[in-house]
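2 protein chains.
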Amino acid sequence: MKHSDPRQGIDWKPDPAIPLSLFRQIEIYIREKITTGEWTAGYRLPPQRVLAQSMGVNRSTLVAALDNLIAAGMIEGRRGGGTYVSGSGWHALAHGAPPNWNEAIEEGWYYPNLPEVQLINRAEFQPGIIRLGTGELAPELMPEDAFNDILRSLSDRSRTLNYLQPQGSLELREALSDYLLTCGIHASPSAILIVSGSLQALHLISVGLLPRGSAVLLEKPSYLYSIHAFQSAGLKMNGVPMDAGGLHIPRLEDMIEGGTHQGHPSPLLYTIPSFHNPTGSVMNDARRNELMSAARAGGISILEDAAYTDLWLDMPPPLSLKARDTDGRVLHMGTLSKAVSPGLRLGWLVGPEPVIRRLADIKMQTDYGTSSLAQEAAELWFAGGYHSRHMDRLRPELRRRRDFMLELLERYFNGIAEWNKPAGGFYIWLKFTASPLSIRQLFHACLQDGVLIHPGFLYDRLDADHLRLSYAYASEEEMERGMQLLAKAARNLLES
Amino acid sequence: MKHSDPRQGIDWKPDPAIPLSLFRQIEIYIREKITTGEWTAGYRLPPQRVLAQSMGVNRSTLVAALDNLIAAGMIEGRRGGGTYVSGSGWHALAHGAPPNWNEAIEEGWYYPNLPEVQLINRAEFQPGIIRLGTGELAPELMPEDAFNDILRSLSDRSRTLNYLQPQGSLELREALSDYLLTCGIHASPSAILIVSGSLQALHLISVGLLPRGSAVLLEKPSYLYSIHAFQSAGLKMNGVPMDAGGLHIPRLEDMIEGGTHQGHPSPLLYTIPSFHNPTGSVMNDARRNELMSAARAGGISILEDAAYTDLWLDMPPPLSLKARDTDGRVLHMGTLSKAVSPGLRLGWLVGPEPVIRRLADIKMQTDYGTSSLAQEAAELWFAGGYHSRHMDRLRPELRRRRDFMLELLERYFNGIAEWNKPAGGFYIWLKFTASPLSIRQLFHACLQDGVLIHPGFLYDRLDADHLRLSYAYASEEEMERGMQLLAKAARNLLES
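Top line first, the protein sequences correspond to chains A and B.
Here the working numbering is used: the first residue of the first sequence is 1, the next is one more, and so on.
Here the working numbering is used: the first residue of the second sequence is 1, the next is one more, and so on.
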């Protein structure tokens with residue numbers, strides 16, 4: 001347990017080695033939380049059961065500490081249950097009206113993450129949890145040695161610790177320009193913006209290029225439905241259906257003509273053409289050409305998310321949309337988060353120079369640039385040839401894991417579900433065919449068993465029968481055990 | 001010249017060593033810019049004079065290339081001047097309607113930087129420019145050797161390349177908790193959020209804690225007026241006047257009572273109590289206590305920006321507001337950008353746990369956390385004792401520079417201006433007393449002479465007679481020359 005949360009206990013335990021009784025230690029700990037203002041007036045303490053468990057003490061020990069604090073007027077029980085930091089009494093006497101942060105938290109306009117996403121973000125750090133849906137490489141697949149190499153090289157050279165140029169380090173943009181050329185994309189350094197991960201690129205685009213109230217077209221389902229980058233900027237999302245070859249072009253054309261895009265002069269289509277998140281599908285070559293024609297005819301621009309492109313397992317995907325773009329219609333984003341290191345937070349956006357400059361200006365106002373250390377490391381990553389060597393090593397590993405998960409699916413899910421065989425990326429889009437089954441119930445049942453899954457409704461609010469599985473994170477042992485538990489939980493729910 | 005801009009030429013030159021005439025090389029270069037869509041239809045090329053100069057060619061060579069491109073229909077001259085990428089003709093024939101990025105750029109709702117700020121951001125990278133206002137340490141004052149040490153240590157240890165916890169690495173938060181204790185601030189790791197620089201903390205607070213349309217109280221002048229973090233989130237800014245001791249408390253109380261804060265339940269006051277940006281002033285001890293009382297009485301919360309606190313030169317400033325806070329009323333932000341490394345992009349925010357958790361959730365949606373490399377380096381920076389050793393070495397250096405700039409002011413500005421003697425931080429708030437003088441004209445005149453200054457109106461829209469000077473960046477030789485040129489330009493303007 002790494003951070004405290006009402007539902008999750010706290011990250012502190014009394015120490016039996018200290019010559020002070022456990023309940024006194026607890027009392028002092030909570031008193032300090034309150035007097036330092038880390039727990040403000042009205043803060044609800046975690047339930048006694050959770051608190052006692054996370055502190056590793058008997059409930060009676062905890063209660064002794066809480067009773068003393070209640071007697072001191074620092075906390076109070078409330079009708080209907082729950083223990084709260086006192087809002088009047090002790091606090092008010094000592095300090096006047098306490099600050100009303102709860103109201104402030106509710107009034108900020110940025111959407112909170114979906115409750116399930118918040119739960120997933122936290123559960124991922126629970127020790128022992130099996131992560132069957134995580135969109136991230138397992139630690140053992142990451143290039144730790146290569147990074148140590150790179151850090152050693154960096155420690156030998158001189159560097160600027162100062163702010164970098166608004167678009168990011170020129171050396172890195174030059175290295176990326178060379179890398180992109182190997183992907184068929186001509187991009188000068190001046191047409192590249194370095195970002196702190198592609199989520200930031202989405203954020204910059206949403207506030208820098210799209211008027212509030214305008215609509216974004218996107219695949220349905222889509223990863224983009226699981227985050228609020230666009231909605232928090234006041235944008236609407238119009239889902240376009242997919243088939244096995246990718247985006248359904250006639251439906252897209254209907255939506256463009258029908259003006260579903262609310263009259264914005266140049267509506268934007270967000271798409272993940274290669275190894276789509278969450279479906280794993282690949283837009284085929286013909287479909288890509290049709291999409292480019294439809295975009296030209298309909299006057300729309302495209303945001304191509306190439307996060308998974310390098311992660312092909314059987315053969316490289318068709319040429320990217322940006323490589324087919326001749327009039328600056330496509331913005332192309334890439335990232336090191338999927339194939340290399342999520343924690344590094346490094347991505348890039350390619351587009352027409354005026355667009356890149358506008359977004360660089362906003363980025364300067366948001367975080368004043370991406371960390372120079374991360375940029376230096378990324379520069380060596382590409383310029384030093386680490387990237388292609390790493391991909392060559394990674395692919396067979398990931399292929400083995402994919403094949404193993406497909407084997408497990410055959411073994412445990414025959415008759416109750418169907419699935420695709422992805423040619424790359426991380427994801428299998430599992431569909432339960434033996435409905436009705438509550439995916440929400442399944443999610444919570446699995447969590448009880450220590451298995452973390454990603455419900456399909458994260459990617460399409462109305463979806464009722466999918467899960468996103470990932471073979472990138474869990475070890476084979478974990479996959480085996482997790483898939484067994486998942487199948488069992490599903491069959492239990494189907495039978496009840 | 002590091003990045004291209006209509007007003008600044010481009011970052012490419014034809015190469016005389018290539019067996020192809022210069023004008024053909026230029027023609028091919030521009031043709032490629034257009035066919036790759038980096039220069040989209042309607043893009044305005046830099047003026048011929050600027051373009052020829054930045055390419056290092058005669059204007060006639062450039063014109064020969066442009067003529068060929070005009071003949072090919074790829075670019076066109078327009079009435080009223082200027083050369084543009086063709087919007088119809090070649091483009092339309094080949095591709096249908098071009099994407100309308102210009103409109104998109106204007107419709108995004110995030111404010112662009114002020115024109116002068118954009119100009120400053122660019123001019124800072126002009127070779128040879130003397131930066132007299134830059135709020136950043138000179139490269140030679142930064143701890144390059146210490147960072148190489150840290151990188152070497154990092155290269156020997158194993159690390160996670162995966163995503164970190166939403167609030168940031170626990171090890172770094174523990175190191176910061178220890179560091180903050182030395183500043184008199186009790187903050188558990190669970191009450192700390194790691195951010196990518198304090199600008200990001202402002203951004204998170206503006207969208208996560210403050211309803212659109214609410215007002216933020218702040219010192220006038222203030223650094224915060226020079227950026228749009230708060231305005232872009234739809235917030236109003238109400239400036240509170242200052243005197244030599246800091247914020248004017250009776251005026252603040254009037255504003256709170258008068259409801260200038262628009263009825264928001266818990267209005268926020270942003271303040272830089274120590275070595276204020278741009279005035280360099282320090283809120284005295286008594287004033288800090290008065291402010292805390294006024295905040296309690298008026299029910300307001302405080303955002304304390306401690307960016308410059310460690311940069312005291314004569315003696316440490318009074319205890320921070322957060323160290324005086326007993327009911328979680330103060331959010332406290334700190335950063336490595338001012339005293340250590342701006343490029344690292346690492347800062348922290350301390351506050352009540354529910355506030356920190358809410359902002360961590362938004363941060364996860366904005367950039368999915370701060371770069372793990374930057375967090376690892378910062379952890380070693382504090383835990384390895386580098387910070388205090390660096391500050392001990394830095395102070396005498398910075399003190400020398402401050403004293404030298406004060407000497408130059410005596411020498412060149414007597415009779416036309418007055419100034420403070422800052423006890424720390426970077427800034428001198430220079431006031432021209434021999435008005436009227438157009439600071440905007442002075443800014444541009446200095447830029448012509450290769451001297452970059454920061455006009456006072458960046459920090460207070462109505463200010464007409466101040467400059468923010470910084471002794472942190474320019475070398476002594478540059479300061480001497482720059483201050484001479486500045487004084488000359490000012491006297492010229494005063495005489496004309």
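Since the hints were derived computationally from the structure, they do not count as laboratory data.
Errors might be hidden in some of the hints.
Remember, identical chains collapse to one label, so a pair may be satisfied in a single copy or spanning two.
[Unchecked claim] Pairs of lysine to aspartate or glutamate residues, derived as EDC-like cross-links and limited to a Cα-Cα distance of at most 20 Å, are as follows:
#1 LYS236 <-> GLU477
#2 LYS13 <-> GLU171
#3 LYS431 <-> ASP392
#4 LYS13 <-> GLU495
#5 LYS421 <-> GLU32
#6 LYS13 <-> GLU174
#7 LYS236 <-> ASP463
#8 LYS236 <-> GLU103
#9 LYS13 <-> ASP149
#10 LYS13 <-> ASP178
#11 LYS431 <-> ASP178
#12 LYS236 <-> GLU397
#13 LYS431 <-> ASP11
#14 LYS431 <-> GLU410
#15 LYS488 <-> GLU103
#16 LYS236 <-> GLU124
#17 LYS488 <-> GLU171
#18 LYS488 <-> GLU106
#19 LYS13 <-> ASP463
(request) Evaluate LYS13 and ASP178 at a C-alpha cut-off of 20 Å and name the case that applies: within, between, both or neither. (result) between (52 Å within a copy, 18 Å between copies)
(request) Could you place LYS13 and GLU171 in one of the four classes (within, between, both, neither) given a Cα distance threshold of 20 Å? (result) between (48 Å within a copy, 17 Å between copies)
(message) My question is about LYS431 and ASP392: at a cut-off of 20 Å on alpha-carbon distance, are they close within one copy, between copies, both, or neither?
(response) Neither. Shortest intra-copy (32 Å) and inter-copy (63 Å) distances fail the 20 Å Cα cut-off.
(message) One pair to classify: LYS236 and GLU103, alpha carbons no more than 20 Å apart. Within, between, both, or neither?
(response) between (27 Å within a copy, 19 Å between copies)
(message) Treating 20 Å as the Cα threshold, decide for LYS488 and GLU106: within, between, both or neither.
(response) neither (39 Å within a copy, 54 Å between copies)
(request) Can you give me the call for LYS431 and ASP11, within, between, both or neither, at a CA distance of at most 20 Å? (result) Neither: 38 Å inside a chain and 52 Å across chains, both beyond 20 Å.
(message) One pair to classify: LYS431 and GLU410, alpha carbons no more than 20 Å apart. Within, between, both, or neither?
(response) within (13 Å within a copy, 78 Å between copies)
(message) Reference check for the pair LYS488 and GLU103, CA-CA at most 20 Å: within, between, both, or neither?
(response) neither (43 Å within a copy, 55 Å between copies)
(request) With 20 Å as the alpha-carbon cut-off, assign the pair LYS13 and ASP463 to within, between, both or neither. (result) neither (42 Å within a copy, 55 Å between copies)
(request) State whether the alpha carbon distance between LYS431 and ASP178 is at most 20 Å within one copy, between copies, both, or neither. (result) neither (41 Å within a copy, 50 Å between copies)
(request) Have a look at LYS13 and GLU495 and pick one of within, between, both or neither, based on CA distance no larger than 20 Å. (result) neither (42 Å within a copy, 72 Å between copies)
(message) Please sort LYS236 with GLU124 into within, between, both or neither, judging by C-alpha distance up to 20 Å.
(response) Neither way: LYS236 and GLU124 sit 30 Å apart in one copy and 39 Å across, limit 20 Å.
This entry does not satisfy hints 1, 3, 4, 5, 9, 11, 12, 13, 15, 16, 17, 18, 19, going by the numbered hints stated previously.
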